[in-house]
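Trainee: Sequence:
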Amino acid sequence: PSIFRLRYVAHAARACECADATLHSSAQDETARAMPICCDVQVLQCTDPSELKDAPEEGAYVYGLFLEGAGWDKEAGVLCEQAPRELLTPLPVMWLRPVSSQGGDGHGASHASPTAALPAMTKSYACPVYRTAIRRGVLSTTGHSTMWVMNVQLPMSLSQSEDHFVKRSTALLCQTSD
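Convert by adding 1199 to the 1-based position in the sequence shown; the result is the number in this note's numbering.
If you are wondering where the hints come from, they were derived from the structure by calculation, not from laboratory data.
You may find that some hints are simply not true.
Using 27 angstroms as the maximum straight-line C-alpha spacing, the simulated DSS-like pairs for lysine-lysine come out as follows [what the hints assert, rightly or not]:
| # | residue 1 | residue 2 |
| --- | --- | --- |
| 1 | K1273 | K1322 |
| 2 | K1252 | K1322 |
| 3 | K1252 | K1273 |
| 4 | K1322 | K1366 |
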């Protein structure tokens, strides 16, 4: 049996449930319980979820996320500067896939890290995902805000540094205030 077997297409408003469900579904398998897992994130070129013919073989497609503090270069598939007068940039469909953080050959656990899908000549930014634009919330027992969902590794060009996006408070939002 496959270790990671969740097929799902989710809107960003349900992204936190999707992330939990993806990890939980994988953790239910006896084999998966013994190995730590993380999420491999790949941003697709597709911007319209109706273009997707079917749910992925494993993991979930997530759409409806918005970038705040950065733009998205669709051709290069990397973070870039925001366009003038553009506060929020829609992110194309994202493929969220649970993988083993220890690598291996276990049916979907072939990647050793969450950045394994990134091209070799690309750097990445650990982008926080928040439920809403209001990032503050009650601190949970893990020390994170209740508005924080997870961090995803987004590719950026070699000419940019992670600090560049940290200083701009770049984040992904599941829901806008509109």
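Trainee: Now tell me if each hint is right for this structure.
Mentor: To see whether the hints hold, each was checked on the structure:
Distance hint between K1273 and K1322 is fulfilled; the C-alpha atoms sit about 16 angstroms from each other, no more than 27 angstroms. Taking the CA atoms of K1252 and K1322, the gap is near 30 angstroms; set against the 27 angstroms cutoff, the hint is violated. The hinted pair formed by K1252 and K1273 meets the criterion: a straight-line CA distance of about 20 angstroms does not exceed 27 angstroms. For the hint pairing K1322 with K1366, the CA-to-CA distance comes to about 17 angstroms; that is within 27 angstroms, so the pair holds.
When the structure is compared with the earlier hints, a violation turns up for hint 2 alone.
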